[in-house]
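Novice: Starting from the known structure of chain Z, fit chain U onto it as the hints suggest.
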Amino acid sequence: MRFVDEYRDAGRARALAAQMAELCRPGRAYKFMEVCGGHTHTIYKHGLEDYLPEAVSLIHGPGCPVCVIPMGRLDDAIHIAEQPDVIMTSFGDMMRVPGGRGSFLDAKARGADIRMVYSPLDALKIARQNPRKRVVFMAIGFETTAPSTAMTVLRAETEGIHNFSVFCNHVTIIPAIKAILDSPDLHLDGFIGPGHVSAVIGCRPYEFIAHTYGKPLVVTGFEPLDVLRSVYQILAQLAEGRSQVENQYARVVPWNGNAKALNVISRVMELRPYFEWRGLGSISHSALKMTEKYAAYDAERIFQIPGVRVADPKACQCGEVLKGVLKPWECKVFGTACTPETPIGTCMVSSEGACAAYYNFGRFSRERVKEATRR
Amino acid sequence: MTPEHTTEHTTEHATAPAPGEAPGGEATALWAESAVREAGPRSRPTREDQVLQRIERARRGKARVREDLVTLAHGAGGKATHTLIEAVFLEAFRNPLLEPLGDGAVTGTLALTTDAYVVRPLFFPGGDIGDLAVNGTVNDLAMCGATPRYLSAGFILEEGFPIADLRRITASMAAAARAAGVWIVTGDTKVVENGKADGCYITTAGVGTLDRGATLSAASVTPGDAVIVSGPIGEHGMTIMLARGELDLEAHLTSDTAPLHDLTARLLSACGGPTGGPAGGAVRCLRDATRGGVATVLNELATASQVSIVLDENTIPIRPDVRGACELLGIDPLYVACEGRMIAVVAAGHADAALDALRAHPLGADAAIIGRAGDDPPGLVLLKTSFGGTRIVDLLVGDPLPRIC
Chain Z
94 MRFVDEYRDA GRARALAAQM AELCRPGRAY KFMEVCGGHT HTIYKHGLED
144 YLPEAVSLIH GPGCPVCVIP MGRLDDAIHI AEQPDVIMTS FGDMMRVPGG
194 RGSFLDAKAR GADIRMVYSP LDALKIARQN PRKRVVFMAI GFETTAPSTA
244 MTVLRAETEG IHNFSVFCNH VTIIPAIKAI LDSPDLHLDG FIGPGHVSAV
294 IGCRPYEFIA HTYGKPLVVT GFEPLDVLRS VYQILAQLAE GRSQVENQYA
344 RVVPWNGNAK ALNVISRVME LRPYFEWRGL GSISHSALKM TEKYAAYDAE
394 RIFQIPGVRV ADPKACQCGE VLKGVLKPWE CKVFGTACTP ETPIGTCMVS
444 SEGACAAYYN FGRFSRERVK EATRR
Chain U
3 MTPEHTTEHT TEHATAPAPG EAPGGEATAL WAESAVREAG PRSRPTREDQ
53 VLQRIERARR GKARVREDLV TLAHGAGGKA THTLIEAVFL EAFRNPLLEP
103 LGDGAVTGTL ALTTDAYVVR PLFFPGGDIG DLAVNGTVND LAMCGATPRY
153 LSAGFILEEG FPIADLRRIT ASMAAAARAA GVWIVTGDTK VVENGKADGC
203 YITTAGVGTL DRGATLSAAS VTPGDAVIVS GPIGEHGMTI MLARGELDLE
253 AHLTSDTAPL HDLTARLLSA CGGPTGGPAG GAVRCLRDAT RGGVATVLNE
303 LATASQVSIV LDENTIPIRP DVRGACELLG IDPLYVACEG RMIAVVAAGH
353 ADAALDALRA HPLGADAAII GRAGDDPPGL VLLKTSFGGT RIVDLLVGDP
403 LPRIC
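Line by line, the protein sequences give chains Z and U.
If you want my numbering, it's the position in the first sequence, counting the first as 1, plus 93.
If you want my numbering, it's the position in the second sequence, counting the first as 1, plus 2.
With the rest of the complex left out, here is chain Z:
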């Protein structure tokens, strides 16, 4: 497949693996965080860890937008969905995420009209087709998806569609990374920077990570060679004693971001004073809400939402796992209160989360798996 296969060449991966091994200082262990869930997926899907030097381990970061939605927000969304004449719409991955009162799938089974859409425009289409219903779009995602939500609101305004609103849960990546960096027990040596988010915000917002915190960050594409190349670049920076923001994904990410997309976001949304993240707690200025001007499209203003804050159980140590301080099995609730069927923290929600992966396959060491495929 063109534009794909050239980034999946095993020969080039082997060459990179050898170069990476040379850059590792003997006796030193390296921990890098891939911030974005898309990278986690690439790493998992292609079995990319097999190419990494043994000294390098990757920590899965907070960048899975469905996983970071706290239980309370989901309960609010379900509350909205259960109001008369409401059609709730959301992306497919949101359907299974558990809140305090079950998931969207459970609410749907109880009779709520909850529909899966592939874009906010699909939700607007449903609003157009059902003028007597109140159609709500459960907006989630980082700066990647916020522009399309904002565009949809602007289109609803232009078309004069008044039975459409957005339950805005868009989050911003920089405060989350900063929260992790500010943790006193941080054990990270560098960052594999988000790709799609950076296509919107550009590379400049990460510069404080390199300058203030002294950690290399490489903005990275989503093909397996992109990720390997990025790990190589981080190792090279560390070997040379540098800490910079580099753009490995220049074929998509402009250094200064996408001004048009940022402009659309700022026309419709503004920063919230604080927002609760599953596993990470409350982070200031880490999410977006609808501006006063677009109050008519803001589900939070239209519906009386309970706004219940379901605190993550105290015992949940997702934050520590995310920061690479704890291994999944070291968390107090791992495997007892928190399992893939009844996840508490973000690391257990997604099947690619660190805890879910460890729950399912921790008993098979990587060596044993590799041995099995060699025979």
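Bear in mind the hints are in silico, worked out from the structure with no lab data behind them.
Idealized CB from N, CA, C, for every residue including glycine.
There may be inaccurate statements among the hints.
As the list claims (entries may be wrong) - Only some residues are given here: those of chain U computed to face chain Z with a beta carbon under 10 Å:
hint : residue
1    : E50
2    : V53
3    : Q55
4    : I57
5    : A60
6    : R68
7    : K81
8    : A82
9    : T85
10   : F95
11   : E248
12   : P319
13   : P322
14   : D358
15   : I394
16   : L398
As the list claims (entries may be wrong) - Non-contacting residues of chain U with respect to chain Z, defined by C-beta distances greater than 10 Å in every case (computed):
hint : residue
17   : T111
18   : Y152
19   : E161
20   : R180
21   : W185
22   : I186
23   : G189
24   : E195
25   : L212
26   : G215
27   : T256
28   : G351
29   : R361
30   : P364
31   : D368
32   : R393
To be verified - Which chain Z residues stay away from chain U? Per the calculated CB distances, all over 10 Å, these:
hint : residue
33   : R248
34   : G307
35   : R335
36   : V462
Specialist: Then chain U, alone, in the frame of chain Z:
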């Protein structure tokens, strides 16, 4: 988003070894052994070992449905479906014929199966609910090693459903039945009120005869066996997803729905037992890769036989347009339903003969050996990726859903 069928009780789509006897007993022993080995010289298990042991106990425990209501996940063919089948249906109906949870039940020289069809849209490129309902049941019988003979057909129709559409469906059922050499010999019709069904649901049951004496079992896969797929994967599922018109994505895909009984007959004749045993003696197991796709079937086999299955991604046949659509939507084709493809596990020495037999038939022209069974780690399906890495291919928790980022 299940391309078709909901949960059915006869038997299909279940993984776990028969509850009652501790499932995976041997696996656990092997696991414990390796845990001790990996723990090194320490005689007491580490805290990590203890945590892992607790998880293992939970896995082995009885399947339990936690939900109070049925959700769509229960019909998706993944873990939730398995739990529902074991905890509700198997628990209520338990008997020796049901317990193996195969594609159909086999007793003496008879094979019996049933299936329900709820596909939306009813008509799609390459087929419709009618030929799907015939082929699906024909295939379930073929996977038992049986020759399909007779089918029943039950129709649940929604008030207001166009008679012309019903004629179109029955015409395609009739054509499919002719092609498969079966008669539809009995049936039932119910009409429900407007809004109570999606136009038309069909259930079919089928009876077949076992003429070859082959014994096929999900539990008979042996280390060294070859894993063969009869053709390119994922076409039916992706066709249905695109035919729903919700994706603004166009591709010229057609469903692979087809009857496989002829293909299985040829395969079984070509693979005699090692010492002149019954025809098909070298074929361990046949499974059609319907809901949940190839990955789900292989997980079921690996668990039932307590073997590992190692796949080579480079050898898995998949059409470029299916691969492209999956790539765009972030869907793993290994989990996408096929309606005219099967997995055959064959003793190593007969793999080439099996492949030749399959490739000689138009429906098996692109058959390929995609992997082998091994002894460790038991119950696990692994994939050597074309990128050169390794990953575990697990059962899905729910539906394969497009990723948003």
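Novice: Are the hints correct? Go through all of them and say.
Specialist: Hint check results:
Below 10 Å, beta-carbon pairs count as interface contacts, and E50/U has one with chain Z at about 5 Å; its hint therefore holds. At about 4 Å, the closest approach between the beta carbon of V53/U and any beta carbon in chain Z falls short of 10 Å, and the interface hint on this residue holds. Annotation: interface hint on Q55/U holds; nearest CB of chain Z at approximately 9 Å, less than 10 Å. Interface restraint check for I57/U: the shortest CB-CB distance to chain Z comes to about 5 Å, inside 10 Å, so the restraint holds.
Interface restraint check for A60/U: the shortest CB-CB distance to chain Z comes to about 7 Å, inside 10 Å, so the restraint holds. The criterion of a C-beta within 10 Å of any C-beta in chain Z is met by R68/U, whose closest approach is roughly 6 Å, and the hint holds. Taken as an interface hint, K81/U checks out: its beta carbon lies about 8 Å from the nearest beta carbon of chain Z, inside 10 Å. Residue-level restraint check for A82/U holds (minimum Cβ-Cβ distance to chain Z is 9 Å; threshold 10 Å).
Annotation: T85/U was flagged as interfacial toward chain Z, and the flag holds, the nearest CB pair being 9 Å apart, inside 10 Å. Look at F95/U: its Cβ only gets to about 24 Å from chain Z, farther than 10 Å, so that hint breaks. Interface restraint check: E248/U against chain Z, minimum CB-CB distance 6 Å, threshold 10 Å, status holds. Taken as an interface hint, P319/U does not check out: its beta carbon lies about 15 Å from the nearest beta carbon of chain Z, beyond 10 Å.
At about 7 Å, the closest approach between the beta carbon of P322/U and any beta carbon in chain Z falls short of 10 Å, and the interface hint on this residue holds. Contact between D358/U and chain Z, as hinted, is not supported at the beta carbon level, the nearest pair being about 26 Å apart and thus beyond 10 Å. Interface restraint check for I394/U: the shortest CB-CB distance to chain Z comes to about 5 Å, inside 10 Å, so the restraint holds. At its closest, the beta carbon of L398/U sits 8 Å from a beta carbon of chain Z; the interface hint therefore holds under the 10 Å criterion.
Separation of T111/U from chain Z is adequate, the least Cβ-Cβ distance of about 39 Å exceeding the 10 Å criterion. At roughly 37 Å, the least C-beta separation between Y152/U and chain Z is larger than 10 Å, which holds for a residue marked as non-interface. Interface exclusion of E161/U from chain Z stands, the closest Cβ pair being 22 Å apart, more than 10 Å. Its beta-carbon lying about 38 Å from the closest one in chain Z, R180/U satisfies the requirement of being farther than 10 Å from that chain.
The claim that W185/U is not at the interface with chain Z holds, since no C-beta of that chain comes within 10 Å of its own (minimum 39 Å). The Cβ of I186/U sits about 34 Å from the closest Cβ of chain Z, beyond the 10 Å cut-off, so the non-interface label holds. No beta-carbon of chain Z comes within 10 Å of the beta-carbon of G189/U; the shortest separation is about 31 Å. Against the 10 Å criterion, E195/U stays outside the reach of chain Z, whose nearest CB is about 18 Å from its own CB.
With a closest Cβ-Cβ approach of about 35 Å to chain Z, L212/U is found to remain outside the 10 Å limit, as its non-interface label requires. Listed as outside the interface, G215/U is consistent with that label: its C-beta sits roughly 33 Å from the nearest C-beta of chain Z, beyond the 10 Å cut-off. In this structure T256/U is separated from chain Z by more than 10 Å, as the shortest Cβ-Cβ distance comes to about 20 Å. Every CB of chain Z is more than 10 Å from the CB of G351/U (nearest about 18 Å), matching its label as outside the interface.
The claim that R361/U is not at the interface with chain Z holds, since no C-beta of that chain comes within 10 Å of its own (minimum 25 Å). Residue placement check: P364/U keeps its beta carbon more than 10 Å from all beta carbons of chain Z (closest about 26 Å). The Cβ of D368/U lies farther than 10 Å from every Cβ of chain Z, with a closest approach of about 18 Å, so its non-interface assignment holds. With 10 Å as the threshold on Cβ separation, the claim that R393/U sits away from chain Z is violated: the shortest Cβ distance comes to roughly 4 Å.
At roughly 16 Å from the closest C-beta of chain U, the C-beta of R248/Z stays outside 10 Å, upholding its exclusion from the interface. Residue-level check passed: G307/Z sits 29 Å from the nearest beta carbon of chain U, beyond 10 Å. For R335/Z, the condition that its CB be more than 10 Å from all CB atoms of chain U holds, with the nearest at approximately 29 Å. The Cβ of V462/Z sits about 6 Å from the closest Cβ of chain U, inside the 10 Å cut-off, so the non-interface label is violated.
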